[in-house]
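K.L.:
Okay, here's what each chain looks like letter by letter:
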Amino acid sequence: MDNAAIAKGIREAAKKLLGEGKVDVVIGYAKGTVPMRDYPYFAYTPEEAENLTWSGFCCNNLALYAIRRPGRMAVVAQGCVSRNLVGLVNENQVKRENLYVIGVNSPGMVDRRKVQALFPGQTITEVEEVGDELIVKGVGFAEKVARKKVMRQNCYTCVQRNPVISDELIGGEGPASHGGNLDKVAAPWEKLGSSERWAEFQESFKDCIRCYACRDACPLCYCHVCFVDESQPQWCGKTQDEADVATFHLLRAFHCAGRCTDCGACESACPAGIKMRRLTMKIEKDIRDLYGYQPGMAIGAQPPMTLFKPNDPQDFIK
Amino acid sequence: MFARRRFAVLKNLLEYAGLEPGRLHFSWISSAEAQKFQQTVTEVTEAVKALGPATRMIKDIRKVA
Numbered sequence: 001m002d003n004a005a006i007a008k009g010i011r012e013a014a015k016k017l018l019g020e021g022k023v024d025v026v027i028g029y030a031k032g033t034v035p036m037r038d039y040p041y042f043a044y045t046p047e048e049a050e051n052l053t054w055s056g057f058c059c060n061n062l063a064l065y066a067i068r069r070p071g072r073m074a075v076v077a078q079g080c081v082s083r084n085l086v087g088l089v090n091e092n093q094v095k096r097e098n099l100y101v102i103g104v105n106s107p108g109m110v111d112r113r114k115v116q117a118l119f120p121g122q123t124i125t126e127v128e129e130v131g132d133e134l135i136v137k138g139v140g141f142a143e144k145v146a147r148k149k150v151m152r153q154n155c156y157t158c159v160q161r162n163p164v165i166s167d168e169l170i171g172g173e174g175p176a177s178h179g180g181n182l183d184k185v186a187a188p189w190e191k192l193g194s195s196e197r198w199a200e201f202q203e204s205f206k207d208c209i210r211c212y213a214c215r216d217a218c219p220l221c222y223c224h225v226c227f228v229d230e231s232q233p234q235w236c237g238k239t240q241d242e243a244d245v246a247t248f249h250l251l252r253a254f255h256c257a258g259r260c261t262d263c264g265a266c267e268s269a270c271p272a273g274i275k276m277r278r279l280t281m282k283i284e285k286d287i288r289d290l291y292g293y294q295p296g297m298a299i300g301a302q303p304p305m306t307l308f309k310p311n312d313p314q315d316f317i318k
Numbered sequence: 001m002f003a004r005r006r007f008a009v010l011k012n013l014l015e016y017a018g019l020e021p022g023r024l025h026f027s028w029i030s031s032a033e034a035q036k037f038q039q040t041v042t043e044v045t046e047a048v049k050a051l052g053p054a055t056r057m058i059k060d061i062r063k064v065a
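For the protein sequence lines, the chains are D and P, in the order given. My numbering numbers the first residue of the first sequence as 1 and each following residue consecutively. My numbering numbers the first residue of the second sequence as 1 and each following residue consecutively.
Worth double-checking, as some hints may not be accurate.
Claimed, not checked - When the alpha-carbon atoms are kept at most 25 Å apart in a straight line, the in silico PhoX-like pairs for lysine-lysine are as follows:
#1 D/137 - D/149
#2 D/191 - D/206
#3 D/31 - D/15
#4 P/59 - D/206
#5 D/15 - D/137
#6 D/8 - D/22
#7 P/63 - P/11
#8 D/31 - D/191
#9 P/59 - D/238
#10 D/318 - P/36
#11 D/285 - P/11
#12 D/275 - D/149
#13 D/309 - P/11
#14 D/22 - D/95
#15 D/275 - D/285
#16 P/49 - D/206
#17 P/59 - D/318
#18 P/49 - D/318
#19 D/275 - P/49
#20 D/184 - P/63
#21 D/206 - P/36
#22 D/31 - D/8
#23 D/137 - D/206
#24 D/285 - D/184
#25 D/275 - D/184
#26 P/63 - D/238
#27 D/15 - D/114
#28 D/275 - P/36
#29 P/11 - D/191
Unchecked claim - Calculated from the model, a selection of chain D residues having no Cβ within reach of chain P, i.e. all distances over 10 Å:
#30 30
#31 92
#32 96
#33 190
#34 235
#35 237
#36 250
#37 312
#38 316
Derived by calculation from the structure, the hints in this document are not laboratory data. We put the CB at the ideal spot given by N, CA and C, even for glycine.
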């Protein structure tokens, strides 16, 4: 099923749910005002549901808006969003009975930076999706680009494109993965020596302006007061010094340990194009290797950081 | 026991990001194990001395202010 047909299905489902009063709000995506940036949209009435859409540019993670939200809601969920919803149910931040999941198979979202990089210095005014190709239009040009070439890396290595939980599945199930091997790319610095790792780490995060967009876009970050905003005590300095930036990114990644579903919302939200998944992917790889756990795959699963086994690895303790 | 899992992940993360191996140590010592405490502290200080002064994750106030 193509995206236009799925979008129609989502709109119909949303109108039905809102019309029957089954939910107070349908959280989905609407077409952005600039190309390749479809944004989260809250439909409270059947009329507003007309604005809902579905495309390869739905990069935000909608599970974020379900956190501690009062009332009943429906959420449009592809694989990663549904995994985060499962995680939130398991962490008691969302009640399953208040949640209606409109499941969709993810086509693999497009990295707008990769598309822009193919047209340096040119303004893209419209991007159309036709099957496995994108038609990129701008002033005086219209070119075809293979979708696979511009897909987000996390979508390429995704293993769960179908929703884990769904009350209604629009468009049916599709392939579960794109064929990328996550373990091959999960820890790109592992083969380097310590000094090169540090250099790579500094290089990757040098553009950070500490805007916290990665944190705000992340469906795992729901503390009432984040550790970076606390001033008594101040855990993390506020400057753009490399030590403060490194502290923020290491701790942000560590807080996601055993919970991150690799949805890529942080990287898509970053205004500086920082690849913070280089840290979170490494942690999730460790969690898989050490404790055999994948976050968000089953309701009722215990997060690995809240458990222990007597025979957990402990070679590092003297 | 919970801490063991968290430290395992944290240590891997810090060394993955380029903290020198040997700068971060973990040990379980009971309050009744004075000798083990003494030995561990000696080992840690020797390991850190061998690495020299830390250059990573250091905030130089003169540079920031």
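K.L.:
Given the hint that residue 15 of chain D pairs with residue 137 of chain D, test it: the Cα-Cα distance must not exceed 25 Å.
P.N.:
Given that 25 Å is the threshold and the Cα spacing comes to 32 Å, the pair is violated.
K.L.:
Holds or violated: are the alpha carbons of residue 285 of chain D and residue 184 of chain D at most 25 Å from each other?
P.N.:
The hint holds at about 10 Å.
K.L.:
Hinted pair, alpha-carbon criterion (25 Å max): residue 275 of chain D, residue 149 of chain D. Please report holds or violated.
P.N.:
It holds: about 18 Å lies between the C-alpha atoms, which stays within 25 Å.
K.L.:
Since residue 235 of chain D was said not to touch the interface, does its Cβ keep a gap of more than 10 Å from each Cβ of chain P?
P.N.:
For residue 235 of chain D, whose nearest Cβ neighbour in chain P is about 13 Å away, the distance exceeds 10 Å, so it holds.
K.L.:
Grab the minimum beta-carbon distance between residue 30 of chain D and chain P and tell me whether it stays above 10 Å.
P.N.:
Given a closest Cβ separation of 37 Å, the condition holds.
K.L.:
Check whether the Cα positions of residue 318 of chain D and residue 36 of chain P lie no farther apart than 25 Å.
P.N.:
Status holds; Cα separation ~10 Å.
K.L.:
Decide if the proposed pair is consistent with the structure: residue 49 of chain P and residue 318 of chain D, CA atoms, cutoff 25 Å inclusive.
P.N.:
holds, 18 Å
K.L.:
Given the hinted pair residue 309 of chain D and residue 11 of chain P, is their Cα-Cα distance within 25 Å?
P.N.:
holds, 19 Å
K.L.:
Holds or violated: residue 191 of chain D with residue 206 of chain D, Cα cutoff 25 Å?
P.N.:
holds, 22 Å
K.L.:
Straight-line Cα separation of residue 59 of chain P and residue 318 of chain D no greater than 25 Å?
P.N.:
violated, 29 Å
K.L.:
Does residue 285 of chain D pair with residue 11 of chain P here, judged by a C-alpha cut-off of 25 Å?
P.N.:
Distance ~14 Å between residue 285 of chain D and residue 11 of chain P Cα, so the pair holds.
K.L.:
Can the restraint linking residue 15 of chain D and residue 114 of chain D be considered satisfied, given a maximum Cα separation of 25 Å?
P.N.:
violated, 35 Å
Hints 5, 7, 8, 16, 17, 19, 20, 21, 23, 27, 28, 33, 35, 36, 37, 38 from the list above are not met by this structure, while the remaining hints are.
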